[in-house]
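Those sequence lines, one after another, are chains A and B.
The numbers in this note's numbering rise by one with no breaks, and the one at position 81 of the first sequence is 81.
The numbers in this note's numbering rise by one with no breaks, and the one at position 101 of the second sequence is 1101.
Keep in mind the hints are simulated off the structure, nothing from the lab.
Among the hints, a few may not be true.
[Stated by the list, open to error] DMTMM-like, lysine to aspartate or glutamate: derived pairs with alpha carbons at most 25 Å apart:
(1) 1081(B) x 90(A)
(2) 1050(B) x 1033(B)
(3) 1047(B) x 1014(B)
(4) 1081(B) x 1036(B)
(5) 1047(B) x 1084(B)
(6) 1047(B) x 76(A)
(7) 1050(B) x 1074(B)
(8) 1047(B) x 1033(B)
(9) 1081(B) x 76(A)
(10) 1081(B) x 17(A)
(11) 1050(B) x 136(A)
(12) 1081(B) x 1014(B)
(13) 1050(B) x 1039(B)
(14) 1081(B) x 63(A)
(15) 1050(B) x 1036(B)
(16) 1047(B) x 1028(B)
(17) 1081(B) x 28(A)
(18) 1081(B) x 11(A)
[Stated by the list, open to error] Stretch by stretch, here's where chain A covers chain B in the computed footprint (C-beta under 8 Å, at least three residues):
(19) 1012 to 1019
(20) 1029 to 1039
(21) 1094 to 1100
Beta carbons are placed, not taken as given, at the ideal position from N, Cα and C, and that holds for glycine.
Chain by chain, the residues run as shown.
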Amino acid sequence: MTATSTQHHNETRIVADPGLPTIVITREFEAPPARVFRAYTDPDLVRRWLGPRRLEIRIERYDARTDGSYRFVHVDRDGTEYGFRGVFHEVRPVDRIVQTFSYEGFPDGVSLETAAFEDLGGRTRVTTTSVMASIEARDAMIASGMETGLRESYERLDELLTETTSDESSTG
Amino acid sequence: MEDRLSRVFSALADPTRRGIVARLAVSDATVNELAEPYDVTVQAVSKHIKVLEEAGLVTRRREAQRRPCHLDTEVFDLMTKWIERYRREAEDRFRRLDEVLAEMDGEEKDGEEAPDVGAQAEGAAS
């Protein structure tokens, strides 16, 4: 025995097709679909993994069944809260969860999220497909959906914009 | 800043402009060269170039008689980094899910044997 199975690395793959308003994330897990499904639907388990590690998560509602709804809040170090909500369109044990997702700070940007659980014989492949209203909305989601904790990338953009506009006329 | 960001995104929403960008990723090219593969006029391509210039994706320098268009790859590096960031956020989340699943395994087997909670010491196998 050389490598321990718990150290097995399952790669997270992400595809953002330039011509489609989608984000597809694929990941495999060392557990059968029933267990992965439970970890996706039981709020006590969900709160242990959902959201960025540096942010506190407060699940206010997580009724993971068809026609149910959810709301959770991320709290950053400054105490600023970011609310997210949606409805469960369909929760079909143990193969599929279809739900809407929106950030309350930008309620017009609703996406449809489908998580499909594929049995790999004791292991599970989860494919999450997010469909946005437009390619712009998708790109904005990738770029600014992380505004909660990724200000440094905005700072980098600031620097970049300052550099690229310096040879044009300065704004007044 | 956000205005500039939305200009970048709307500039790339057009398939002809994405094609132009893909062509410029290979090498600099003049408007005439860029117009060739498309069933559009040089004027139409000029308009697309102007949008890309305004979004800061493309620059044009003067070079004797020609003004080749140049792709600002830094902008694309930045977008690639955003996607990578997004991926890492997901990866971070899924690693915690890995831990949760391993602990659930222990709970489910409880009663048969002592729960074996994930992360073993590296020196365990000899």
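Results of checking the hints against the structure:
Of the pairs offered as hints, the one joining residue 1081(B) and residue 90(A) is violated, with about 34 Å between alpha carbons and a cut-off of 25 Å exceeded. The straight-line distance between the Cα atoms of residue 1050(B) and residue 1033(B) is roughly 16 Å, inside the 25 Å bound, and the hint therefore holds. Using a Cα cut-off of 25 Å, the hinted pair residue 1047(B) and residue 1014(B) holds, with the two alpha carbons roughly 12 Å apart. A threshold of 25 Å between alpha carbons decides the hint, and for residue 1081(B) with residue 1036(B) the separation of about 32 Å lies outside it, so the pair is violated.
For a cut-off of 25 Å, the pair hint linking residue 1047(B) to residue 1084(B) is broken: about 32 Å separates their Cα positions. For the given pair, residue 1047(B) sits about 44 Å from residue 76(A) by alpha-carbon distance, which is inconsistent with the 25 Å threshold. Only pairs whose Cα atoms come within 25 Å are accepted, and residue 1050(B) paired with residue 1074(B) is accepted, the gap being roughly 19 Å. Of the pairs offered as hints, the one joining residue 1047(B) and residue 1033(B) holds, with about 15 Å between alpha carbons and a cut-off of 25 Å not exceeded.
The straight-line distance between the Cα atoms of residue 1081(B) and residue 76(A) is roughly 23 Å, inside the 25 Å bound, and the hint therefore holds. At roughly 16 Å between alpha-carbon atoms, residue 1081(B) and residue 17(A) fall within 25 Å of each other, so this suggested pair holds. About 19 Å separates the Cα atoms of residue 1050(B) and residue 136(A), which keeps this hinted pair within 25 Å; it holds. Restraint check: the Cα-Cα separation between residue 1081(B) and residue 1014(B) comes to about 22 Å, which is no more than 25 Å; the hinted pair holds.
Distance check on the hinted pair: residue 1050(B) and residue 1039(B) sit about 18 Å apart at the alpha-carbon level, within 25 Å; holds. Distance restraint check for residue 1081(B) and residue 63(A): the Cα-Cα separation of roughly 35 Å exceeds the 25 Å cut-off, and the hinted pair is therefore not satisfied. Among the hinted pairs, residue 1050(B) with residue 1036(B) is consistent with the structure: their alpha-carbon atoms are about 17 Å apart, no more than 25 Å. A distance of roughly 17 Å separates the Cα atoms of residue 1047(B) and residue 1028(B); the hinted pair therefore holds under the 25 Å criterion.
Distance restraint check for residue 1081(B) and residue 28(A): the Cα-Cα separation of roughly 23 Å lies within the 25 Å cut-off, and the hinted pair is therefore satisfied. A hinted pair counts as satisfied when its Cα atoms are at most 25 Å apart, and residue 1081(B) with residue 11(A) qualifies at roughly 18 Å. Check on the region 1012 to 1019 of chain B: 4 of its residues sit with their Cβ under 8 Å from a Cβ of chain A, so the three-residue criterion for coverage holds. Residues of the region 1029 to 1039 of chain B with a Cβ under 8 Å from some Cβ of chain A number 0, which does not satisfy the need for three, so the listed coverage is violated.
Remark: the region 1094 to 1100 of chain B is confirmed as covered by chain A, as 6 of its residues place a Cβ nearer than 8 Å to a Cβ of that chain, reaching the required three.
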